[in-house]
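Using the supplied hints, reconstruct the complex from the two chains, each of which is provided in its own coordinate frame.
Next come the chains, spelled out residue by residue.
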Amino acid sequence: MHELNLPLTAEDIAGLSAYDQVLLTGTLYVGRDQVHSLLYERLLHNESLPVDLVGQAMYYMGPSPAPEGKVIGACGPTTSARMDRFSPLLLDHGLKVMIGKGPRSQDVVDAIKRNKAVYLQAFGGCGALYASTVKSSRIIAFEHLGPEALLLLEVVKFPAIVAIDSRQGSVFAY
Amino acid sequence: MKLAERIQDALMHAVVELDEPVLDLIQRAYAQEERKPAQAVLDAILKNLELAKETSLPMCQDTGLLLVFADVGRTCPLSLASIEASIMEGCETAVQQAYFRRSIVDEPVFDRTNTQNNLPPVIWWNLVEGSGLKIQILLKGFGSENCSSVRMLNPTGGKEAVVEAVRQIVQKAGGKPCPPIFVGVGLGGTMDRAAYLSKRALLRDVREANSDERYAALEQEILAAIQTLGIGSGGLGGSITALHVAIEQESTHIAGLPLAVSINCWADRKATIMWKEGEDA
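Heads up: the sequence lines are chains C and R, in that order.
The first sequence begins at 1 in the numbering used here and counts up by one.
The second sequence begins at 1 in the numbering used here and counts up by one.
If we strip away everything but chain R, and leave its shape as in the complex, we get (with noise of 0.2 Å):
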């Protein structure tokens, strides 16, 4: 199969179905939750989910901007504009198969003209060892993009200056980003390299920590503090407010410590495409 159907048949299975541990952590917030309301909006999230696979409807009506990472190998055979064409006939062709909302504007401030076609994606390239490819796509939801932060915090803060933060910037968004929520943790580089580790983290699969054991903890910690918060599902109140918590880290600046929080909503979409050298492209 061409590359390009094979990440328009990605991105259209991702609008309607979650990724199977993402609905295994909601099923197992639904089951451990003890406060009704809460309950009853798990349980309406499960029945969503049911009645969109049935009816082939998107999950949400914000199918979301399509935010597209393409880890490219470094004696990968493909040419970068092959790659870029085939992301974006994968993506259009998926957004009028699948009926995603219109949801892109052309400009932010003024006219705000609806483009009509859920375009443009935006794309990061990165560079990996090999010859392979990985697109991974985010179909992110702006409901929760708005209640994702940046802080610049003092590099002598440690592991508490990282938990107050995070634990601040979602208490503010409160039950505004669909709770339960993921939460993308960026720490290191720049302020905008930040942002990007932590979109990163939110694409990391749900089951895995991170590889540094100092940092798995802190994730876990961050978790819990979350959890004190009571948002809880559908900010009704309640022990579960986020489902999973990933930071990534990176090199930074003696002068700093830049964090940065991307929130996704329970309809946590991801499309996950690998090509192989020798395959079909």
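Same shape as in the complex, but just chain C (with noise of 0.2 Å):
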């Protein structure tokens, strides 16, 4: 098990290999389909972005309402798949780390191992137990696509495990 703080540095990804099991404490940014298009348009159009992606990581998930006194509400990872279309991009504009669930295609592996990134697979439908890890969340950009919107979290003991690592080894072998 491998216990790291968010940002991972470039050394922190280097020492991670398919099938480990990590536990992220920090923070990490929040976007799924409607996100990552929306960041993909601009920038192909060299337009700025509301984050500054650099270094950072990338969880794909939509909550649920947060009930009140609650930070959030259930909040899983959703299917990666979806994202690889725009996944090349972000990773070289900087973003290191994607969290979600599910196999990537094999440009997302070859923009994984370009970019000296990581993808991490989080525990697919366990909403209850990541709201468990989640100390505060933010809302940065898109509110008004409601659940989709793009936010901060704070995260202790985030559980994942390694999907594919930075030197192409991967769990989607079968």
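In short, the hints are calculated from the structure, not lab data.
Be a bit skeptical, because a hint or two may be false.
As the list claims (entries may be wrong) - Each computed PhoX-like pair below joins lysine-lysine, with the alpha-carbon atoms no more than 20 Å apart: (1) K70/C to K53/R; (2) K135/C to K47/R; (3) K2/R to K276/R; (4) K70/C to K157/C; (5) K134/R to K276/R; (6) K47/R to K36/R; (7) K2/R to K134/R; (8) K157/C to K47/R; (9) K135/C to K70/C.
Spelled out as structure tokens, the structure:
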């Protein structure tokens, strides 16, 4: 088990291999389909982004509403493959860690290697489990997207498994 | 209790806790799976279910599209309009009170504006014998739904073609639908009817096999074929990819063998409401 602080350093990422289990503490951004589409369009047109992605982690997730007195609702990962179109460009612009569930395209695998990044798999469907790791949640941009808005989360001991490491080692070899 | 309140209660329970037979299949998979990464996934799922129960949070943030099956007795004294009103009221209140995610957009292609209340549900009406009413609601997550599929097989393909088609569909899904999965297979009818039947198959109690022995054996054969794929829990490799396979079959045309597969994630959430004549409505 690797207990790591976010944002991950280059050494942290280099030290991770497929199947390693990690516990992450620190801040990560949250964005899914629409956020990816919007960030991608802005990068294509050389427009500025509402966040600086360099060195950061992006969690593919859209939470259920926070009940009164709670920081967030259920907040497990969504399927990463839908982000495959957009991820290589984001990685080329400095994103280092992606967290979601399920396999990625070859283009994403190549971009992970090229940028010395890493793809982590969170436990799919485990919304209540992940809620227990979130200490704060703040909307950063695209509030109109509701559950798909871009968020910044502060997490403690957020569990995940290294799915594709920076040397193309992968758990998806079946 | 009014029908709308019973629907609301059943939904609020289903979004937090799995039915005992479903939970039992996950626990058995945890006991049987020998690969460590898949074990870690099953362990996380079981911990998650305990936490959901403790905190009353939805077990999964994708609280799903509400897919309603209303089986109405031919002599049921309730009007379809009043049943529909109860379904809408029960769904709307449950969404608010149990903090369902607002996951529904009003049209699929252009603005995709969120309806902000997780409505409307999809409602299927079906006439059955008797004077009662049975409402079953699937909380259908879309990570798994995106892996569902329809094939129009050759009528002479037989069970080999059926097994192979399901195997291919599940293989293509891989780790995307949050395995271990539940598999509903619809056979016969037309393209759309097979799809409907595949959803009805997901509604069946996971302790029950198809009432036709041949189809019950085919369910087992498909399950065995899926397990050989080695996808495993979380797609991390393992001996258990599916927890249950159910088939629903119907008459079809001489020229066809429609097949549909509906995949459900491990969070196989269902609400069932039985209403009898004389009860509050």
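Task: Unsatisfied constraints (hint numbers, rising) - done: When the structure is compared with the hints, none of them turns out to be violated.
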